[in-house]
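Number of protein chains: 2
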Amino acid sequence: MRIVVLAGGIGGARFLRGLKRAVPDADITVIGNTGDDIHLFGLKVCPDLDTVMYTLGGGINEEQGWGLTDETFRLKEELAAYGVGPEWFGLGDRDFATHIVRTQMLGAGYPLSAVTEALCDRWKPGVRLIPMTDDRVETHVAVTLPDSGSAAGPGERRVIHFQEYWVRLRASVPAEAVVPVGAEQAKPAPGVLEAIAEADVILFPPSNPVVSVGTILAVPGIREAIADAGVPVIGLSPIVGDAPVRGMADKVLAAVGVESTAPAVAEHYGSGLLDGWLVDTVDAGCVERVEAAGIRCRAVPLMMTDVDAAARMAREALTLAEEVRAV
Amino acid sequence: MRIVVLAGGIGGARFLRGLKRAVPDADITVIGNTGDDIHLFGLKVCPDLDTVMYTLGGGINEEQGWGLTDETFRLKEELAAYGVGPEWFGLGDRDFATHIVRTQMLGAGYPLSAVTEALCDRWKPGVRLIPMTDDRVETHVAVTLPDSGSAAGPGERRVIHFQEYWVRLRASVPAEAVVPVGAEQAKPAPGVLEAIAEADVILFPPSNPVVSVGTILAVPGIREAIADAGVPVIGLSPIVGDAPVRGMADKVLAAVGVESTAPAVAEHYGSGLLDGWLVDTVDAGCVERVEAAGIRCRAVPLMMTDVDAAARMAREALTLAEEVRAV
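In the order they appear, the protein sequences are chains A and B.
When the letters of the first sequence are read in order and numbered with the UniProt record's numbering, they come out as residues 1 to 327.
When the letters of the second sequence are read in order and numbered with the UniProt record's numbering, they come out as residues 1 to 327.
Careful, some of the hints might be misleading.
[Stated by the list, open to error] Listing some non-contacts, in silico: residues in chain A with all C-beta distances to chain B over 10 Å:
| # | residue |
| --- | --- |
| 1 | P24 |
| 2 | A284 |
| 3 | T319 |
[Unchecked claim] So the derived label-pair ranges between C-beta atoms look like this:
| # | chain 1 | residue 1 | chain 2 | residue 2 | range |
| --- | --- | --- | --- | --- | --- |
| 4 | A | T69 | B | G83 | 45 to 51 Å |
| 5 | A | A81 | B | R325 | 17 to 23 Å |
| 6 | A | A108 | B | R157 | 44 to 50 Å |
| 7 | A | A81 | B | G109 | 22 to 28 Å |
| 8 | A | P190 | B | G83 | 34 to 40 Å |
| 9 | B | K124 | A | G90 | 54 to 60 Å |
| 10 | B | E259 | A | A108 | 41 to 47 Å |
| 11 | B | G58 | A | D308 | 49 to 55 Å |
| 12 | B | G126 | A | A108 | 38 to 44 Å |
| 13 | B | E117 | A | V159 | 32 to 38 Å |
| 14 | B | G126 | A | D306 | 38 to 44 Å |
In case anyone wonders, no lab produced these hints; they're calculated from the structure.
For every residue, glycine included, the Cβ atom is placed at its ideal position computed from N, Cα and C.
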């Protein structure tokens, strides 16, 4: 079975770990979000790709869900001693190696997809991990900063990098707009459209529908390829009981005018893209609404408390895919 | 008193620490060798500049004479896990910060001299440290590698980077030629010629006469400026009792046809450049030979066993400068 998964960071990575356990012999291609990429200290950092790679490769820091286990932060402390920041982005000493190797390979002319493959040679995630694009796409967020006492005065409107919004500000101010800068000009990376065309099923894990899955879909050609693939496209709601399972998806959903509920996210994707949608059992009451939108819907437990729970969710998604296929 | 010092790495740095103790109020400008610079992992590494900066700034690993104290090597281990080398060059986690800041600033368009000044803002070496040039100069060494059992067969002639010769091979094969690649086209960094012109005395510490001081002198304009400065130019022999005090200076002296003795090095610099030369007391017998070459010579203890010993050597050098000036 050939499965294509559109993955963001922590949620996508943990779902993928469950999927691998659920169907160990499946041929899994992960199309990874690169909209959260950022250049730090002259290095190219790809947080979502790395979270998938580290999680599936057994290197992840389990507690925080990102970064490497057994990590130290001496290099970052030295950079701070030089007065070089940002200090709010936690790059560990081990993690730096990934970004140094990536940056060196990019500088030598390799595209990000080839670099990602080379990095995965070491981590062996057990899936084929492809960045959504080899082109530069960086999500930015329009915000109005609270009064900082600065000369700019209160209510200063700024467009900031997604990581600055997410990590530094912890999404503490409303996102007024979310823009995947560069997406319109980006081309899908080699292998992305082919994997979609050859897939038996396409899954949207419980990743952020705006800044993760939404950014991948913003690369021209990917949404169309999924819609035209003629195979079941099944999503899992990242919203449980009107709140994000993890992270701050509600903050960026508001920016695109979508309420933070499981059915609203399904409707946001739309029946033109999505064939099936899993909501949590606490949201069983909304199944009817989703199905009224032309999307087959089931209510199952969606809390990824451990790998087994994620595996059960993956099996439910594949079961729903078979239901869709049988129609 | 304005003192200009042409410095390589460990020997130059330790001498400078003594010089600062000997004349704490002196205005010291260090012209640093950059011929041992190397690009590693996409980062610009300047070993001699850093050794001076770390030594005078109190960060040096005293035992080994290079690198930072209290160092760890986790990033390097991760790079090795990616199969990315070289493994023979010991970059520590803290040290990496220096190279990352430097590389980022160079990438932003700052010349190496401005970058070095910015790095020194943090370490406060108490001297003005200027790279000999902002242009790229990298010393290479021609060697004949011993039979490695490879297809290339025995006696393969290769031109390798100085660091590969010095650090990886530990100068275990003869250097057949030493070439400061790029030196001919290099210009002295801003401030170098001005410092020389305004100096009251110019010192050559017991640094390597070929790959440290020699490389600095290979930048067009620097040798001439020193010869024309009209102030005492005093050197300290890096060879004591026919062997280098530290390092493997004898290996590269042979490449330029100079025997590894204190008087031969003085003659190599020549009376057109050098006014005074300090040899160790064990080499007192050669004073006459050096003076016959037109270079005033004194035999004093030249073993930098500690900072006080280095300070005594610096005082002897300044005393010899006064003798020269009085003539």
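>> Holds or violated: the 49 to 55 Å window for the beta-carbon distance between B:G58 and A:D308?
In response: For B:G58 and A:D308 the Cβ distance comes to about 54 Å; the hint holds.
> If you check the beta carbons of A:T69 and B:G83, does the distance land in 45 to 51 Å?
Replying inline: About 21 Å separates the Cβ atoms of A:T69 and B:G83, which means 45 to 51 Å is violated.
> Far enough from chain B: is every CB of that chain over 10 Å from the CB of A:A284?
Replying inline: Holds, because the least Cβ-Cβ distance between A:A284 and chain B comes to about 46 Å, which exceeds 10 Å.
>> Confirm or reject: A:P24 is not an interface residue toward chain B, with every Cβ-Cβ distance exceeding 10 Å.
In response: Per Cβ check, A:P24 is outside 10 Å of chain B; nearest 25 Å; holds.
> Okay, B:K124 versus A:G90 on CB: inside 54 to 60 Å?
Replying inline: 28 Å Cβ-Cβ, so the 54 to 60 Å window is violated.
> For the pair B:E117 and A:V159, does the Cβ-Cβ distance stay inside 32 to 38 Å?
Replying inline: holds, 33 Å
> Between B:E259 and A:A108, does the beta-carbon spacing fit 41 to 47 Å?
Replying inline: holds, 43 Å
> For the pair A:A81 and B:R325, does the Cβ-Cβ distance stay inside 17 to 23 Å?
Replying inline: violated, 42 Å
>> Please check whether B:G126 and A:D306 have a Cβ separation lying inside 38 to 44 Å.
In response: The hinted range 38 to 44 Å is violated for B:G126 and A:D306, with Cβ atoms some 57 Å apart.
> Is the distance from the Cβ of A:P190 to the Cβ of B:G83 consistent with 34 to 40 Å?
Replying inline: Violated: the Cβ-Cβ distance is about 23 Å, outside 34 to 40 Å.
> So the hint says 22 to 28 Å: do the beta-carbon atoms of A:A81 and B:G109 match that?
Replying inline: holds, 23 Å
>> For the hint 38 to 44 Å, verify it against the beta carbon of B:G126 and that of A:A108.
In response: holds, 39 Å
Of the numbered hints given earlier, the model fails hints 4, 5, 6, 8, 9 and 14; all others are met.
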